[in-house]
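Engineer: Residues per chain are reported as follows:
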Amino acid sequence: MMDYDQVLSPRVQAIAPSGIRKFFDLLENMDTDDAISLGVGEPDFVTPWHIRDAGVYALEKGFTKYTSNAGLADLRREIAKYLFRRFELQYDPMKQMIVTVGGSEGIDIAVRAIVSEGDEVIVPVPSFVCYGPIVQLAGGVPVYVETRAENEFRLTADELRAAITPRTKLLILPFPNNPTGAILERADLEALAEVLRDTNIMVLSDEIYAELTYGGHHVSIANIPDMYDRTLVVNGFSKAYAMTGWRLGYVCGPQPIIKQMLKIHQYAIMCAPTTSQYAAVEAMRDGDNDIAMMCRDYDYRRRFLLDKLRGAGLECFEPRGAFYMFPSIKSTGMTSADFCARFLTEEHVAAIPGNAFGPGGEGFVRMCYASSLANLAEAMERLERFLKRL
Amino acid sequence: MDELLTLLEKDCRQTPQQLATMLGRTEQEITDEIARFEKEHIILGYPALVDWTKTDDEMVTALIEVRIAPQRGDGFDRIAERIYQYEEVESLYLMSGAYDLAVTITGKSLREVAEFVHARLAIIEGVTGTATHFILKKYKEKHHVFEKLPEQEERLLFV
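Same order as they appear, the protein sequences are chains A and B. The first sequence begins at 527 in the numbering used here and counts up one residue at a time. The second sequence begins at 2 in the numbering used here and counts up one residue at a time.
Hint data in this document are derived by calculation from the structure and do not stem from the laboratory. Quick caveat, the model's predicted, so the values are computed rather than measured. Wrong hints could be hidden among the right ones.
[What the hints assert, rightly or not] Calculated cross-link-like contacts (lysine-lysine; reagent style BS3-like; alpha-carbon spacing at most 27 angstroms):
no.	chain 1	residue 1	chain 2	residue 2
1	B	Lys143	B	Lys109
2	A	Lys834	B	Lys40
3	A	Lys607	B	Lys109
[To be verified] The following residues of chain A were derived to be distant from chain B, with all beta-carbon distances above 10 angstroms:
no.	residue
4	Gln532
5	Arg547
6	Asp816
7	Glu844
8	Thr858
9	Glu872
10	Glu910
Glycine is no exception: its CB is placed at the ideal position from the N, C-alpha and C atoms.
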């Protein structure tokens, strides 16, 4: 008999499965045809046709082989132009960039390249579920810093300073933030930079939602004086171009670090999917309009949902980025998990309990508004009914 | 002709209550019927009819004749699908006569439309020729006349 507990790495066994997935599975097993999911953080748009067509064309022409490890040279050049055009970020496409399998791979190889046994990584929470487990798999120790609703869920300089120890190696900066919708503006970033300036701490800036910033323009910490040399920027195609299933992202940063990360990417991944890379070239060249169109649409829904949530009596901070609402459900006296379980079974609407996104998320739920207005309207009607019944 | 659909096509903002009264049916019947129309994709949407020339937004519409070589098995459908999925394409019809597809597209400028034709449309495999006609002025669409007719003197008349 195999004793799998003995076989499996304790490190892997120690990490918990994603709390988002659990609710998604619950929803799939429900015997109903009127279920609405505000659970999964994925655009409801289909990838714009001209981008899909570029992928189809690449297949028709038989471009089915590996690309170079770091990604198609054409794509990297286009990404460099895009980053400069949209965010004034300057990266050498041949030396400072790797095209990855989604932003997630970028995060993974960055952490693995930097973190060694016992190193501490500061992770502001609530935030996307992957950072802690990836740090743990690398042997590091995630140090969670709770951002607060009263600070609009921004990471403050004081909070950062208090979390730094001699073992701190890396700060993860996930803004615009999933699940809170918080953003960091130039002044916030400058204050954080002040804390980091005389340290040897690297920053991993996860800017996957950069294009989805409302009423302002995203600023990268790499553009704050003295921060460029200590920052890795992760971005990708999933959210801005509705390309989640293509699994394509990229990471940029100082050459000595990118060079080491490329080794991990080489051995573990080889290269990002070729078809996706060809489609992405088209996205970079001719996709600015698509981004604008989708972003405008999300903004309508953002305002609509915020109004409805507040109208229903829930306290909710106005999100400035990404496509999530993070209302407080503390007034109901329920835990996030109870609230979501009952909302799902009684009203067939899936939302994610805030505590799935780390400490500090309890008392909140995440609702993704990348769903049709009709769906959102129906979900909000059910929410109102649900809250009245409590 | 279905009376409810005809009424909605004229003005989709009439309330179910109003429609029910006019058709001598109950509000619930009307609501259910509309829901069915939507579900079965008989009603595709409820857009407003806009005369953009009266706004500050620059807009150019072109009607493009497209000749294509039908493909084995799929006929015209596969190429049509590759065309209508572009965001810029407003309508697409299969035609009888001298050409095969009629495409209308709207852009911000002549250049933008021309760019779409030569960079997107003309290069699709199976497209053998295009002819672009720019629309200079719209007089009537969906039974609505664009120019407001001169108003008649208001009369209060008892007969």
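Engineer: Hints first: check each against the structure and report whether it holds.
Structural biologist: We went through each hint and held it up to the structure:
1. The hinted pair formed by lysine 143 of chain B and lysine 109 of chain B meets the criterion: a straight-line CA distance of about 23 angstroms does not exceed 27 angstroms.
2. Distance restraint check for lysine 834 of chain A and lysine 40 of chain B: the Cα-Cα separation of roughly 25 angstroms lies within the 27 angstroms cut-off, and the hinted pair is therefore satisfied.
3. A C-alpha spacing of about 24 angstroms is found between lysine 607 of chain A and lysine 109 of chain B, which places the hinted pair at or below 27 angstroms, so the restraint holds.
4. Consistency note on glutamine 532 of chain A: stated as away from chain B, and its beta-carbon is indeed over 10 angstroms from all of that chain's, at 54 angstroms minimum.
5. Listed as outside the interface, arginine 547 of chain A is consistent with that label: its C-beta sits roughly 31 angstroms from the nearest C-beta of chain B, beyond the 10 angstroms cut-off.
6. Under the 10 angstroms C-beta cut-off, the non-interface status given to aspartate 816 of chain A relative to chain B is violated; the minimum distance is some 7 angstroms.
7. Against the 10 angstroms criterion, glutamate 844 of chain A stays outside the reach of chain B, whose nearest CB is about 29 angstroms from its own CB.
8. Residue-level check passed: threonine 858 of chain A sits 32 angstroms from the nearest beta carbon of chain B, beyond 10 angstroms.
9. For glutamate 872 of chain A, the condition that its CB be more than 10 angstroms from all CB atoms of chain B holds, with the nearest at approximately 23 angstroms.
10. With a least beta-carbon separation of about 20 angstroms from chain B, glutamate 910 of chain A lies farther than 10 angstroms from that chain, consistent with its non-interface assignment.
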